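Order-wise, the sequence lines are chains A and B.
Read left to right, the first sequence gives residues 10 to 121 (the working numbering).
Read left to right, the second sequence gives residues 10 to 121 (the working numbering).
No lab work stands behind these hints: they were computed from the structure.
Please note: incorrect hints may appear among the correct ones.
Remember, identical chains collapse to one label, so a pair may be satisfied in a single copy or spanning two.
In silico EDC-like cross-links for lysine to aspartate or glutamate, where the CA-CA straight-line distance does not exceed 20 Å [stated by the list, open to error]:
| hint | residue 1 | residue 2 |
| --- | --- | --- |
| 1 | K12 | D57 |
| 2 | K12 | D22 |
| 3 | K12 | E78 |
As the structure is a prediction and not an experimental result, all values here were calculated from the model.
There are 2 protein chains.
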Amino acid sequence: MPKAGNFFADLPDASEGEATQILAAFPGARVERIVSLGQASPPGFWYDQAWTEWVVVLSGGAGLLIEGEDAPRALRPGDFLEIPAHVRHRVEWTEAGQPTIWLAVHGERIPA
Amino acid sequence: MPKAGNFFADLPDASEGEATQILAAFPGARVERIVSLGQASPPGFWYDQAWTEWVVVLSGGAGLLIEGEDAPRALRPGDFLEIPAHVRHRVEWTEAGQPTIWLAVHGERIPA
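Isolated chain A (complex conformation) (with noise of 0.2 Å):
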């Protein structure tokens, strides 16, 4: 029977820290759900992915930094980002006084 499910129920407190949900998992894709309340990546650490991750900020706010661009992209509720494999990018901050919420769909891992 298929899973349901109410994306903006039960969110977890993110205080102590970053919380991720996989909300399915499929041939192709697994999609979750990340709620982050003021985290930001560790200083000097990128996320380098063998797998394209798309995606969308449905609350809150967020400053993605993509490797060689000049400043961090805002992402406010509905902007998204396809984020092909192995473009590094990283966290500079997300609002400290509302959850963000994101949906990402990660793709299939591309083989080296």
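We have chain A already, so just place chain B on it with the hints.
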């Protein structure tokens, strides 16, 4: 460079028909925005897909009937549903007074 946009911007006028746009397509998955305005699946029509679809309603409301269930599931903002391959389903109704905006993630085709 990463492809970016806003999920809620530049909404098409769906008064003449449901409007589907591909926001991203990458190894494993395709992400679509679907805007409905009162449409429903034609009588007797069932979607029967060879891949998993994960769908979330982010605005408006819709009734989605899964074959074998007694009544359509009412989907309100935030409600999501994972529809496995070959689980037949149809849209019984969408709100007529405001757009219903769906975010759909289609996984990869499963070989028969």
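Results for each hint:
1. Only between protomers do K12 and D57 lie at most 20 Å apart by alpha-carbon distance; the minimum there is 17 Å, versus 30 Å within a single protomer.
2. Proximity of K12 to D22 under the C-alpha cut-off of 20 Å is found in neither arrangement, the shortest distances being 23 Å within a copy and 31 Å between copies.
3. When the C-alpha separation of K12 and E78 is checked against a cutoff of 20 Å, the pair qualifies only between copies, where the shortest distance is 14 Å, while the shortest distance within a copy is 39 Å.
Of the numbered hints given earlier, the model fails hint 2 alone.
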